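Colleague: These are the residues of each chain, in order.
Protein chains: 2
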Amino acid sequence: MNGLSPLSVQEIMASDPAHGPVARAQEWTAGAAYVIDRFVPLGEAAVPITDLGLVRADAVYDVVSVSRGQFFRLEDHQARFARSRERMKLSSPFVQAAEAALLNELVARTGLKDAYVWWAVTRGANPPLPGDRLHAERFQNRFYAFVIPYVFIKDDAVRQAGIHLHVSNDYIRIPANAIDPRAKNFCSLDLNMSLMEAGAAGAEWSVLTDGNNVLTEAPGSNIFVVREDRIMTPELGCLEGITRLTALELCGEIGLNVEVGTVTVDDLLTADEAFLTSSAGGILPISTVNGRPICQGSGPVSTRIHNLYWEKRWAGWHGTPVDYEAVN
Amino acid sequence: MNGLSPLSVQEIMASDPAHGPVARAQEWTAGAAYVIDRFVPLGEAAVPITDLGLVRADAVYDVVSVSRGQFFRLEDHQARFARSRERMKLSSPFVQAAEAALLNELVARTGLKDAYVWWAVTRGANPPLPGDRLHAERFQNRFYAFVIPYVFIKDDAVRQAGIHLHVSNDYIRIPANAIDPRAKNFCSLDLNMSLMEAGAAGAEWSVLTDGNNVLTEAPGSNIFVVREDRIMTPELGCLEGITRLTALELCGEIGLNVEVGTVTVDDLLTADEAFLTSSAGGILPISTVNGRPICQGSGPVSTRIHNLYWEKRWAGWHGTPVDYEAVN
Numbered sequence: 004m005n006g007l008s009p010l011s012v013q014e015i016m017a018s019d020p021a022h023g024p025v026a027r028a029q030e031w032t033a034g035a036a037y038v039i040d041r042f043v044p045l046g047e048a049a050v051p052i053t054d055l056g057l058v059r060a061d062a063v064y065d066v067v068s069v070s071r072g073q074f075f076r077l078e079d080h081q082a083r084f085a086r087s088r089e090r091m092k093l094s095s096p097f098v099q100a101a102e103a104a105l106l107n108e109l110v111a112r113t114g115l116k117d118a119y120v121w122w123a124v125t126r127g128a129n130p131p132l133p134g135d136r137l138h139a140e141r142f143q144n145r146f147y148a149f150v151i152p153y154v155f156i157k158d159d160a161v162r163q164a165g166i167h168l169h170v171s172n173d174y175i176r177i178p179a180n181a182i183d184p185r186a187k188n189f190c191s192l193d194l195n196m197s198l199m200e201a202g203a204a205g206a207e208w209s210v211l212t213d214g215n216n217v218l219t220e221a222p223g224s225n226i227f228v229v230r231e232d233r234i235m236t237p238e239l240g241c242l243e244g245i246t247r248l249t250a251l252e253l254c255g256e257i258g259l260n261v262e263v264g265t266v267t268v269d270d271l272l273t274a275d276e277a278f279l280t281s282s283a284g285g286i287l288p289i290s291t292v293n294g295r296p297i298c299q300g301s302g303p304v305s306t307r308i309h310n311l312y313w314e315k316r317w318a319g320w321h322g323t324p325v326d327y328e329a330v331n
Numbered sequence: 004m005n006g007l008s009p010l011s012v013q014e015i016m017a018s019d020p021a022h023g024p025v026a027r028a029q030e031w032t033a034g035a036a037y038v039i040d041r042f043v044p045l046g047e048a049a050v051p052i053t054d055l056g057l058v059r060a061d062a063v064y065d066v067v068s069v070s071r072g073q074f075f076r077l078e079d080h081q082a083r084f085a086r087s088r089e090r091m092k093l094s095s096p097f098v099q100a101a102e103a104a105l106l107n108e109l110v111a112r113t114g115l116k117d118a119y120v121w122w123a124v125t126r127g128a129n130p131p132l133p134g135d136r137l138h139a140e141r142f143q144n145r146f147y148a149f150v151i152p153y154v155f156i157k158d159d160a161v162r163q164a165g166i167h168l169h170v171s172n173d174y175i176r177i178p179a180n181a182i183d184p185r186a187k188n189f190c191s192l193d194l195n196m197s198l199m200e201a202g203a204a205g206a207e208w209s210v211l212t213d214g215n216n217v218l219t220e221a222p223g224s225n226i227f228v229v230r231e232d233r234i235m236t237p238e239l240g241c242l243e244g245i246t247r248l249t250a251l252e253l254c255g256e257i258g259l260n261v262e263v264g265t266v267t268v269d270d271l272l273t274a275d276e277a278f279l280t281s282s283a284g285g286i287l288p289i290s291t292v293n294g295r296p297i298c299q300g301s302g303p304v305s306t307r308i309h310n311l312y313w314e315k316r317w318a319g320w321h322g323t324p325v326d327y328e329a330v331n
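One line per chain: the protein sequences are A and B, in this order. Per my numbering, residue 4 is the first one in the first sequence, and the count goes up by one each step. Per my numbering, residue 4 is the first one in the second sequence, and the count goes up by one each step.
What the hints contain is simulated information worked out from the structure, not anything from laboratory work. One or more hints might be untrue.
One-sided and incomplete, this derived list gives chain A residues near chain B with beta-carbon spacing under 7 Å [said to hold, decoys possible]:
hint : residue
1    : Ala-60
2    : Arg-136
3    : Asn-180
4    : Cys-190
5    : Met-199
6    : Ala-201
Small disclaimer: the values here were computed from a predicted structure and weren't measured. Backbone N, C-alpha and C fix where the C-beta goes; we use that ideal spot for every residue, glycine too.
Next up, chain A with everything else stripped away, as it sits in the complex:
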């Protein structure tokens, strides 16, 4: 394996002979879902139109990935989900073990070896008495989940070349004193609009500031900036990403000095390297920022973190094997 070239999707997803869905009923292989109180194939999974999770984005969620038949850091995702719920006064019908069993069964029903596993609790419907809307305990919160095949946000060629990143001018990230981003939630219109802005500017992804030139987070991702032997990532105004945590651990392991603190747009523009981290994309190197080159392709640190991330995952690091027989 070439240490300077990121592992390819082919390597990641096809080199394992066990890769690919095991034989399952056709209707489940495209995806499986759990809606309030039952398992359904993804194509039948829907949320009642008056659910406050939709009409008021009143919900929290989490996403864990499965690679080669193993959940990655499932317990960390579950612990974060519990913290998100607590911050937003949302309750779940499931204790942690039951939640893990449910997510396992969803993956098992699809037979997918590489999957994206999403689950949420919404506020539910408005209670009959309007006055009850002011009291969290008067709502019947609802649990939803779905599993779909894992798709890299950016493919091999893009990951190897590094992406063109756009620092949004038009949108700041929702500040933490409006909605705390540590509670992973649906309110992402700012993030999604910044993607359109980036697309119009010819870029491939966006990152948002707090309005004072300080970086916060990118859509679904955290950002890391490398300069000499230092590596920096924002402390505030961003999700406490599990892949961010993983990258921090890997940086420590390879002897980089990690700083979790204030990272400015200037830090990014003058970086040696930079990358994004997410459950949906792993480690995603950045080559240009606002059209200005910062690194030729994936830089050495980014590539090393990228490959370590996948190699260690496949070796079972923080892994929970999916039990594919656990289908009731």
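Assemble chain B onto chain A, guided by the hints.
Modeller: Leaving out everything else, chain B in the frame of chain A:
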């Protein structure tokens, strides 16, 4: 009619002999919906679980009320919806006339004379190629709508007594440079959490500031503050409410000096009167703020605006009669 006593729900909703649903199939009277491409009873209306309108709150919407068989300012709501869509690069399958016909048919299917009419366009599903997520035109936006019986957020006794309002300490309103509130959208976790905070403080509704002691908006509502012959409402950081617009017109009509500008928490605490405006609640007088009395019951200006609002609506002002025969 007593000019100092707000009209009651009974007066508003039952004094008209035409009030109440006309005979319709049972399944439609609880509510009707339109989901992507078809009419369904409300109980069957649901949004696919992977719709970005849910998982990313990537959507805009609007709500118009029907009272005594008439839409109120339907065209103004439709024009605002079109502006919301434009700001968020969302498209609708329906031109304005077709949209109006669809909303009319939904109300007609329920037979409701007093209804809450909600409609939205969501971003839809993610396109198959991840790179397409950066281009608005590569999404198939989806149209959803539903009609349910009109329920006053606060009943007669509460409206007559005035509500206890809580100025949120824990949440600021999402600022306009993150998500422009003039585009009516789902991202309301800040607003909903502030309701829980208000409930815990023994209050009945909340209002949010911008973090600098300047009032923005309340959940689903705009706020007005009356002092002597002046009446003030926030200019920025809030929805351009249609009931707000109506209240501004009525204030002008009765000779008040209207100021649309900066309104501080101190302005509210030292007001002679204050009220909230919304399509879901009409005019809602405020009696206390953070436990401090500002007005004994509904004040004279609030009551006058409240009653004028309903009297003029019933007389057909800005009204569009529902065609109850238009059911395909």
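Colleague: With reference to the structure, classify each hint as holding or not holding.
Modeller: Status of the hints after comparison with the structure:
1. Residue-level restraint check for Ala-60(A) holds (minimum Cβ-Cβ distance to chain B is 4 Å; threshold 7 Å).
2. The closest approach between the C-beta of Arg-136(A) and any C-beta of chain B is roughly 6 Å, which is under the 7 Å cut-off, so the hint is satisfied.
3. With a least beta-carbon distance of about 5 Å to chain B, the hint placing Asn-180(A) at the interface is held under the 7 Å criterion.
4. The beta carbon of Cys-190(A) comes within 4 Å of a beta carbon in chain B, closer than 7 Å, and the hint placing it at the interface holds.
5. Evaluation of the Met-199(A) hint against chain B yields a held restraint, the C-beta minimum of about 5 Å falling below 7 Å.
6. With a cut of 7 Å, the hint placing Ala-201(A) at the interface with chain B holds, because the nearest CB-to-CB distance is about 6 Å.
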